[in-house]
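Take the sequences, apply the hints, and build the full model.
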Amino acid sequence: MSALETAIAAAKGEGRAALIAYLPVGYPDVDTSIAAMVAAVEGGADVVEVGVPYSDPGMDGPVIQEAVDVAVRAGVGMRDVLRAVEAVAAAGAVPVVMSYWNPIERYGVDRFADDLAAAGGAGAITPDLIPDEASTWLAATERTGLDRVFLVAPSSTDARLAATAAASRGFVYAASTMGVTGTRATVGDAAERLVARTRSVTDTAVCVGLGVSSGDQAAEVAAFADGVIVGSAYVRALLAGEGADGVRVLSAELAAGVRRAKVRT
Amino acid sequence: MTALHPAAPDVRDLPARPEWPDATGHFGVYGGRFVPEALVAALDELTEAYEAMRVDPEFIAEFGRLQRDYTGRPSPVTEVARFAEHCGGARVLLKREDLNHTGSHKINNVLGQALLTKRIGKTRVIAETGAGQHGVATATAAALMGLSCTVYMGEEDTRRQALNVARMRLLGAEVIPVTTGSRTLKDAINEAFRDWVTNVETTNYVFGTVAGPHPFPAMVRDFQRVIGDEARGQVLEREGRLPDVVLACVGGGSNAIGIFTAFVPDDGVRLVGLEAGGDGVDTGRHAATITGGDPGVLHGARSYLLQDDNGQTIESHSISAGLDYPGVGPEHAFLHDMGRAEYRPVTDAEAMEAFALLCRTEGIIPAIESAHALAGAMVVGRELGPDSLLLVNLSGRGDKDVETASAWFGLGEHTAPTDSDERAVEAGRGAEPGPGLDEDQQPTEGAVTNDEAVAGQDAGEQA
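Protein chains in written order, with my numbering: chain A, 1 to 265; chain B, 1 to 463.
Derived by calculation from the structure, the hints in this document are not laboratory data. Yeah, the Cβ is synthetic: ideal placement off N, Cα and C, and Gly gets one too. Possibly wrong hints are sitting among the right ones.
What the hints assert, rightly or not - Rough simulated footprint, nothing fancy, chain A against chain B, three-plus residues with beta-carbon under 8 angstroms: (1) 26–37; (2) 188–196; (3) 292–303; (4) 309–318.
Pasting the structure below:
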């Protein structure tokens, strides 16, 4: 099993969904962002999405862009990202890089795969790379055994769901709503329908992201998904100046949420 | 494909549609789709509807009628002999896209995409805009066809191009100033994509240039190629031969692709794209994407872009808001790599010199974007000499640029630098005439205050 599959299976063994925390490297600075990732793990996150700052994050809402803009301006790069990956692994969680495609291509696809594997990273989530365009990434991940997580959306046709899930390893990222990242009052049943549709075409784990911010929402999503992905809520804690402690408290709330869900898978 | 323009009787000898992109939108290694999965269904829907519409006689007839009766096509070709004296004696023909309704080539594309929007049953259009020309054109087409319209424009650009913001609002569009990132065109595109992914059920994205994910580069090219199809026929008819060189400015590259496409199969015709060199490519403050950039992925496609070592998009700089973009359409990258087209930078100062020259020698105020192509003609004409025939795409008119030009040249008290033109303030160009004016000419103030005005027939003859 791959690193992500192992982490998600371990959570499943405890009768719960995995908690996946997203934090961008470099906000408010590299060291504090790494401390926040470690705090997210201490609070109960099973997996940390280590976010690569990017100047044009088309899938992200204003909360994440605000934080990432700071990191971009500070010149945060892949070297810092790899340091964060090592720190998350040392803290006992599974690090998976989350990156728009251009920073990876610029760094060099094979070089990225080699360095990420060496740093203890599980693989990468690539929000603007669809499997249709991913031949170099598919080859690099085959060579290194890294996970590769692609996204599915409510608008995906059944044929695309099947093809995207087949190309994915680790888990399939189900974008719960049509829209960008950000906290929402309700997650809605579109996510549950999408998970069901995806499960019907794959045995790969399906994790849900976009819009989860509270323990109750985490519990709601954990009832039907293999993993709950939380991003903007963590970033919001940092933007509010709550620091690593705020991240740890939020992580604990979310971790409690995934544990009290009545799993109906 | 002749089917696209059967209603234009003066277009003859229509060349074939290029064999690129492939079925998945690749121009060699460039193009493609680098987008969130959530947009793929909408892009597929758009591609399928467009491929059906493209060959539908009803669409062809309606598109042809709108181009003729609404836009005013075909646009004329004008020989500019007095301007050409500054081009090494080469003969210069201008393709007059500035005379289109709304004042630029942008209308060609939006009429096509607005018809497509209606065809797929959507009621709202969104658009990004830099200089405001594409936003104005989209707002115009939306008003004409009863569509609701939202335009995203970088906050920086809303200040530089306040006139066009007012025009869009008069036309009933909502203009949203974008305050993320560098607050210019690239960020407006990001925001438009975010709107689209959220509202894709009701909304179509009317993309303004030959960049972005498939099918936009091919579709926008098809809608813009009327420029070159007409011009090729017009030049053949009046000269009995093809031009030696076709020149156009390149930001995203839609007017250039529009005029190049018809000439791509004509091996003897050089295609020259003029990029915005800003303060000079070696200063780092420019928007010359092919000259000074590298291949990468931005805004949904692989092409050349300005990026740093971390793969972050570098902010571009140009006096021309319409060229101030760190990316370029993938077909240009492809034409560049195969050597079919060449791309050269033109600095702000060179563009403004050509801008002033065309105003004073021909009575035509060009868009600053188009002035980059004119500056290219001055250089290429001197290289080739008197026997050469140059065709320049005058992609837009300069009404929108009067304030920027006035600040650059230091004309008149009402055009002293203000907050509305931060570039001029930044460069300290308000008080003194900029370097663009021909130094041998009479002071420009003379021309506007009437005291020592240079007679029109004498202007610009010294160079």
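Against the structure, the hints come out as follows:
no. : hint    : verdict
1   : 26–37   : holds (count 6)
2   : 188–196 : holds (count 3)
3   : 292–303 : holds (count 5)
4   : 309–318 : holds (count 5)
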